[in-house]
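Heads up: the sequence lines are chains A and B, in that order. Those letters in the first sequence? Residues 1 to 335, by my numbering. Those letters in the second sequence? Residues 1 to 335, by my numbering.
Calculated from the structure, these hints are not laboratory results. Check the hints yourself; a few may be wrong.
[Stated by the list, open to error] Cut-off 25 Å, straight-line C-alpha distance, at most; resulting in silico cross-link-like pairs (DSS-like, lysine-lysine):
# : chain 1 : residue 1 : chain 2 : residue 2
1 : A       : 248       : B       : 11
2 : A       : 133       : A       : 99
3 : B       : 287       : A       : 248
4 : A       : 261       : B       : 248
5 : B       : 287       : A       : 262
2 protein chains.
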Amino acid sequence: MRIKAYGIKQKDGKAAPFYYERGVGENEVRIKVLYCAIARGDIQFISNDWGDTRYPFVPGHEIVGLVEETGSRVTALRVGDRVGVGYQQAACFECGFCKEGNEQFCAQQKVIGVHCYGGLAEHIVVDNRFAFKLPPALHPARAVPLLSSGLTVYSGIVRAQLRANSVVGVLGAGGLGQLAIRFLHKMGHKVYAFSHSPEKKEMINQLGAECIPGSNPEHLATISKTFDLIISTLNVPYDLDDFLKMLKPQGKFCVVASPLKKQPVSIGLLYDYAQRTIYGNYVGSRKDMMDMLAFAAKHNIESIVDIMPFSEMNEAIEKVRAGTVKTRLILENHE
Amino acid sequence: MRIKAYGIKQKDGKAAPFYYERGVGENEVRIKVLYCAIARGDIQFISNDWGDTRYPFVPGHEIVGLVEETGSRVTALRVGDRVGVGYQQAACFECGFCKEGNEQFCAQQKVIGVHCYGGLAEHIVVDNRFAFKLPPALHPARAVPLLSSGLTVYSGIVRAQLRANSVVGVLGAGGLGQLAIRFLHKMGHKVYAFSHSPEKKEMINQLGAECIPGSNPEHLATISKTFDLIISTLNVPYDLDDFLKMLKPQGKFCVVASPLKKQPVSIGLLYDYAQRTIYGNYVGSRKDMMDMLAFAAKHNIESIVDIMPFSEMNEAIEKVRAGTVKTRLILENHE
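This is chain A alone, in the form it adopts within the complex (with noise of 0.2 Å):
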């Protein structure tokens, strides 16, 4: 089938109209596109930051659809099942990572955006086993940004292995910060959200934490061995030393988005007194995805999102890059 999709031609240039050809494999869905995120993630790729982008580019890793045409193979999905597609589009299932259910570091994975067409597009075309039931429970646009935001904080919490009633600390507040704070009360843990916007306070105390000021370093520096986690979204540079003394004997520092340049770290505090960690934690499992839409839509956990025609995406796109949405930007298509 011809698909069509919004490509960016080079760099920073605007999404028009793009055109490519795609069947549906016996293990595939297509999937007809109603919303999908255009989050600060795609702009970097729009702008070729990470050096690696493949014009023409479509954007759009978090998508929920319905799904059109199944392969002769899927049993698990039937048209016109309610779907969301995250980050990833096929994986091999026979290596060693998809074998123990980590399919999301198999080397011949397809990412979407990277390795395949985006879902700024009509039609989507992905390996069942990555097209995943929305529960009835979730709104189909609130929930877009679960699907990659949502998955990476999830499973960044998850392999804490947190104690009941740990103290944990959010570095930012923006997509994955919400998503993190909101997962994190739920869970039962004491949440707090370090944050440089003053008027975030009272959206932050809503989603279920306290606000600590992130920009007093004075401050900063009178919170000692107080967290069992701190979860960083900052893709700014921040002082990590400062937040690794926050951390008590055996917490774990998890980074789910990161500066463009290197920060410098004072090794010594990793483990002077301490067993202290830092991980990184990229997407999650399918195993993660369904426990994380599960848990999402038993506490009623969503995104804030501001939701805009596709008809607007360009404008859409400078505003995401302008940083002034203030939520997540929902593309809906009504063709």
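Assemble the complex: chain A is given as a structure, and chain B must be docked to it using the hints.
Below, chain B alone, put in the same frame as chain A:
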């Protein structure tokens, strides 16, 4: 009792006889010191590199000796027992960390050389729970470095929870690195040691590892996603990013030493198509110590040592400071 120790009275001063009064508490034992290591870490304290040395400073936190007096509540040890003492002299045994068997994080703990006088002395008094019976198979001098260096790398390795037949890299082939290689080799893993010293190749091979020259950045850059674990014993700056790239997805980088200055790190390497971890290991628990001594005895793991008499302690300190000792330096008490 009046204890004769050898103290350093000022930054970079010489060790000289120094007396202090110390009884034996109900849970304590007094030990006649037979052997005491002088390590790089002692020199850093003598030189006040960390800025918190208290003078007079009595170095020595790896000690082997004989129990010569036991407190009224001590049942596990008897006069004449051959014991090893590591970094820790006391803990509260009542806090959460102590109760879960992580006495090394007890806020009330006393660390030898930091909170009390060290083992470069005729005697030392410690809580009996920090005097560990030395298995008969272990040589009293060659086992000395096990008590802190050995514990630190053993505990760090155990915490990695490696699968059988993992591929592991060791950075640095000094005192810590040599023990790490031996433990990993005897645990059945495939071990590679990175070293800047070509003359160490033969020794590294004998310990059970292949040698990778550490001084060629272009060669290092060709090693990608190879290791399940890398342990860094380096206290000089290195390119952390180079080694993070060598870790498989879910690979771990364990630091048991660090340069004095901050290290720059690309945080994104921790999560980009990976779930990599950097963790520090600070010595170990009492259980780790007992497990480590039993493992070392079973597999004949000891350190390569040079032995000098207590009477030459200042020459020994100068040798370690100058870095001219190729092995671990152990002082033997003939008094």
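To see whether the hints hold, each was checked on the structure:
no. : hint             : result
1   : A:248 with B:11  : violated (32 Å)
2   : A:133 with A:99  : holds (22 Å)
3   : B:287 with A:248 : holds (21 Å)
4   : A:261 with B:248 : holds (22 Å)
5   : B:287 with A:262 : violated (38 Å)
Hint check: violations occur at hints 1 and 5; the rest are consistent with the structure.
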